[in-house]
Amino acid sequence: MVTAPAPATTPDANGIAASLRGVAMRFGANTVFQDVSFDVWRGEVFVILGGSGCGKSTLLKLMIGLRPPSEGTITILGEDIVAVRGEARRRLKQRFGVMFQSGALFGSMTVLENVALPMASFTTLPPEAIERIARTKLGLVGLADAALRMPSQLSGGMIKRAAIARAIALDPPLVFLDEPSAGLDPITSAGLDSLIVSLARDLGITFVVVTHELASILTIADRVIMLDKEAKGVIAEGDPRRLKEESTHPVVRAFFHRTETAAG
Amino acid sequence: MEPGTDAPATLTRRDGALVLSGRLDAHAVAALWREALAAVTPGATLSIDLAGCSYCDVSGSALLLALEDKAGSRATLTGASPQVARVIDRAHEAYRTSPPPAPPTAPSLPVAVGEAVVGKIEDLGERIAILGRTATSAALTALNPRSLRWPDTWHQAEEVGSRALPLICMIGFLFGLILAFQSAVPLRQFGADIFVANLVAVSVFRELGPLLSAVILAARSGSAFAAEIGTMKVNEEIDALNTMGLDPFRFLVMPRLIAAVAMMPVLIIAMNLSAVAGMATVMMSLGFPWAAISAQVVNWTGPSDVLGGLAKGLVFGAVVAGIGCSRGMSTGVGPRAVGQSATAAVVGGIVAIIVLDGIFAVLFYLMGW
Numbered sequence: 001m002v003t004a005p006a007p008a009t010t011p012d013a014n015g016i017a018a019s020l021r022g023v024a025m026r027f028g029a030n031t032v033f034q035d036v037s038f039d040v041w042r043g044e045v046f047v048i049l050g051g052s053g054c055g056k057s058t059l060l061k062l063m064i065g066l067r068p069p070s071e072g073t074i075t076i077l078g079e080d081i082v083a084v085r086g087e088a089r090r091r092l093k094q095r096f097g098v099m100f101q102s103g104a105l106f107g108s109m110t111v112l113e114n115v116a117l118p119m120a121s122f123t124t125l126p127p128e129a130i131e132r133i134a135r136t137k138l139g140l141v142g143l144a145d146a147a148l149r150m151p152s153q154l155s156g157g158m159i160k161r162a163a164i165a166r167a168i169a170l171d172p173p174l175v176f177l178d179e180p181s182a183g184l185d186p187i188t189s190a191g192l193d194s195l196i197v198s199l200a201r202d203l204g205i206t207f208v209v210v211t212h213e214l215a216s217i218l219t220i221a222d223r224v225i226m227l228d229k230e231a232k233g234v235i236a237e238g239d240p241r242r243l244k245e246e247s248t249h250p251v252v253r254a255f256f257h258r259t260e261t262a263a264g
Numbered sequence: 001m002e003p004g005t006d007a008p009a010t011l012t013r014r015d016g017a018l019v020l021s022g023r024l025d026a027h028a029v030a031a032l033w034r035e036a037l038a039a040v041t042p043g044a045t046l047s048i049d050l051a052g053c054s055y056c057d058v059s060g061s062a063l064l065l066a067l068e069d070k071a072g073s074r075a076t077l078t079g080a081s082p083q084v085a086r087v088i089d090r091a092h093e094a095y096r097t098s099p100p101p102a103p104p105t106a107p108s109l110p111v112a113v114g115e116a117v118v119g120k121i122e123d124l125g126e127r128i129a130i131l132g133r134t135a136t137s138a139a140l141t142a143l144n145p146r147s148l149r150w151p152d153t154w155h156q157a158e159e160v161g162s163r164a165l166p167l168i169c170m171i172g173f174l175f176g177l178i179l180a181f182q183s184a185v186p187l188r189q190f191g192a193d194i195f196v197a198n199l200v201a202v203s204v205f206r207e208l209g210p211l212l213s214a215v216i217l218a219a220r221s222g223s224a225f226a227a228e229i230g231t232m233k234v235n236e237e238i239d240a241l242n243t244m245g246l247d248p249f250r251f252l253v254m255p256r257l258i259a260a261v262a263m264m265p266v267l268i269i270a271m272n273l274s275a276v277a278g279m280a281t282v283m284m285s286l287g288f289p290w291a292a293i294s295a296q297v298v299n300w301t302g303p304s305d306v307l308g309g310l311a312k313g314l315v316f317g318a319v320v321a322g323i324g325c326s327r328g329m330s331t332g333v334g335p336r337a338v339g340q341s342a343t344a345a346v347v348g349g350i351v352a353i354i355v356l357d358g359i360f361a362v363l364f365y366l367m368g369w
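So the sequence lines, in the order shown, correspond to chains A and B.
Taking my numbering, I'd label the letters of the first sequence as residues 1 to 264.
Taking my numbering, I'd label the letters of the second sequence as residues 1 to 369.
I should point out that these hints are in silico values taken from the structure, not numbers from a laboratory.
Possibly wrong hints are sitting among the right ones.
Said to hold, decoys possible - So the derived list for chain A, only partly shown, Cβ under 7 Å to chain B, looks like this:
no. : residue
1   : 79
2   : 80
3   : 107
4   : 110
5   : 117
6   : 121
7   : 133
8   : 139
9   : 148
10  : 153
11  : 155
12  : 200
13  : 202
Stated by the list, open to error - Computed far set for chain A versus chain B, every beta-carbon distance over 10 Å:
no. : residue
14  : 100
15  : 144
16  : 146
17  : 171
18  : 257
Note that the Cβ used here is the ideal one computed from N, Cα and C, for glycine as well.
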């Protein structure tokens with residue numbers, strides 16, 4: 001595995017937001033990945049990257065507790081997300097937010113209602129407070145003027161922004177983003193990258209991002225891990241800019257320099 | 001920005017200033033909201049001491065914004081740590097620079113009525129167009145049967161027919177049983193309970209068999225047609241067919257339409273036989289031998305009863321499948337669209353069946369059937 005030193009500014013002293021040890025995922029006889037171990041440090045933007053079919057989204061689903069891994073332990077905000085049960089599991093899930101690739105906004109609710117839903121469900125905030133906080137969250141993602149629109153009236157970029165606003169509705173310290181740039185034009189994608197960086201910087205949110213958009217990775221990531229379908233696991237870890245310049249691994253070089261590997 | 005384990009925020013007053021200490025997150029804000037707003041006098045100078053505030057998120061910042069709005073002026077914040085100040089600044093900027101949009105104004109009554117009428121006319125026009133395209137596709141398919149996707153038609157016939165048979169048989173049996181039992185009670189008082197067999201056979205063969213089979217077809221297959229084709233429309237598969245030069249009506253509607261029409265007689269016959277079996281169960285439990293029951297059925301019903309029912313069933317099948325497919329084809333956008341199409345297919349199908357059954361009753365009466 002290739003390891004590039006983390007940037008000097010990485011806030012590794014702040015503790016660990018997520019930790020995976022020896023994680024494997026198998027579907028029958030098919031092993032997607034195995035022996036995946038890494039830590040996500042608090043306050044950083046951590047990117048899980050790799051080619052299509054390498055298991056990035058599967059790994060994300062394991063981290064947010066949608067599936068149990070075949071092997072290994074996954075610790076999120078200090079708790080084992082596989083072992084934790086009942087009320088403790090529900091509380092843990094309120095401590096992180098998730099933005100799904102499609103946005104997964106509830107189509108029967110306005111954008112404002114989508115963002116207000118977690119607060120209305122899990123806090124005792126009065127309605128006027130919920131509306132004010134939801135409007136502030138929409139202002140943070142630049143969607144205040146779309147608060148009363150239905151999700152079907154939004155563009156692709158607006159849906160992603162609204163989904164991020166909903167993901168941060170409960171001010172979670174950790175947010176997972178699945179392919180935030182997928183299907184967006186470069187300008188909209190760059191705007192979304194800026195939003196992620198600013199939310200991480202200003203609000204101190206730790207982001208775990210699954211993507212294979214090279215421009216986004218180099219813009220937002222403090223650290224990355226790279227999964228590979230052939231190796232069935234992590235083949236590189238560290239600062240993406242240094243990996244791009246210094247890695248000698250053929251797949252890593254091919255990914256960052258947009259060239260073909262010997263395998264095609 | 002993970003909140004620590006420090007205590008939730010508390011509100012006190014000191015030298016005319018509000019003092020917020022502890023962790024100011026959503027849960028603390030929920031507890032403090034009304035108390036904090038009550039502590040602010042409109043028009044008064046607002047000073048907030050945040051020296052003891054260990055953590056503040058966007059929810060906490062929203063509380064500070066609400067206090068400012070009530071006071072009517074910008075608050076003087078003191079003692080905030082750089083991290084807390086950064087969150088507050090960002091939240092203030094987000095809220096203040098993004099005024100909420102004006103709520104949409106409701107159209108006036110004439111405009112609303114006009115829009116509704118235009119919408120209905122457009123909807124009617126679209127349905128007529130779909131009917132025309134379906135008829136055209138049916139005619140073209142009849143002229144060139146090889147153009148029909150036979151494997152898909154067989155598959156649809158299996159879905160519409162053989163997979164519905166257990167349900168049809170169960171409902172038919174129970175229906176015959178209930179109808180016979182309910183009829184036997186009053187007829188027995190007149191010593192006419194042998195005629196329960198006639199009553200059930202005639203009413204099921206002529207009327208209830210085709211009607212019930214068509215209602216089950218609408219509920220089971222009409223909704224499925226609308227949902228399948230509606231999902232394909234939402235996923236742009238219909239557009240893909242169009243751009244490839246393939247007629248979606250011949251590709252999707254014809255197999256379903258033909259399968260439904262072809263399977264309706266099978267379903268009706270299964271329904272009729274099951275109902276007779278249910279009726280016979282009751283009659284035999286009342287002491288009538290099978291020979292007497294079958295003689296009543298054979299002597300009092302003719303081929304015209306059965307064939308009339310089957311003829312109605314063919315029309316019902318075409319109408320149910322046509323409505324299901326047309327509702328799928330006219331599926332709109334949004335997450336509710338497919339569900340609305342499926343519901344409209346079932347409701348429209350059942351209403352059409354009842355109306356058509358009434359028309360058939362009049363026609364059969366005039367023809368002396």
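Hints, verified against the model:
Look at residue 79(A): its Cβ only gets to about 13 Å from chain B, farther than 7 Å, so that hint breaks. Look at residue 80(A): its Cβ only gets to about 17 Å from chain B, farther than 7 Å, so that hint breaks. Of the supplied interface hints, the one on residue 107(A) holds, with its beta-carbon coming within about 3 Å of a beta-carbon of chain B, less than 7 Å. Interface restraint check for residue 110(A): the shortest CB-CB distance to chain B comes to about 11 Å, outside 7 Å, so the restraint is violated.
Hint on residue 117(A) is violated. Least Cβ distance to chain B is approximately 13 Å, over the 7 Å limit. The beta carbon of residue 121(A) is not positioned within 7 Å of any beta carbon in chain B (closest approach about 12 Å), and the interface hint is therefore violated. For residue 133(A), the interface hint holds, since its Cβ comes within 7 Å of a Cβ in chain B; the closest pair sits about 4 Å apart. Residue-level restraint check for residue 139(A) holds (minimum Cβ-Cβ distance to chain B is 3 Å; threshold 7 Å).
At a threshold of 7 Å, the smallest CB-CB gap from residue 148(A) to chain B is about 6 Å, leaving the interface hint in force. Checking residue 153(A) against chain B: minimum C-beta separation of about 9 Å lies over 7 Å; hint violated. Hint on residue 155(A) is violated. Least Cβ distance to chain B is approximately 14 Å, over the 7 Å limit. Hint on residue 200(A) is violated. Least Cβ distance to chain B is approximately 10 Å, over the 7 Å limit.
For the restraint placing residue 202(A) at the interface with chain B, the shortest Cβ-Cβ distance is roughly 4 Å, inside the 7 Å limit, so the hint holds. The beta carbon of residue 100(A) sits about 14 Å from the closest Cβ of chain B, which is more than 10 Å, so the claim that it is off the interface holds. Here residue 144(A) does not stay apart from chain B, with its beta-carbon only about 3 Å from theirs, under the 10 Å limit. Non-interface call for residue 146(A) relative to chain B: violated, since the shortest CB-CB distance, roughly 7 Å, does not exceed 10 Å.
Remark: the non-interface label on residue 171(A) conflicts with the geometry, its nearest Cβ contact in chain B lying 4 Å away (cut-off 10 Å). Once the 10 Å rule is applied to beta carbons, residue 257(A) is consistent with being away from chain B; the minimum gap is 35 Å.
Consistency note: the structure conflicts with the earlier hints numbered 1, 2, 4, 5, 6, 10, 11, 12, 15, 16, 17.
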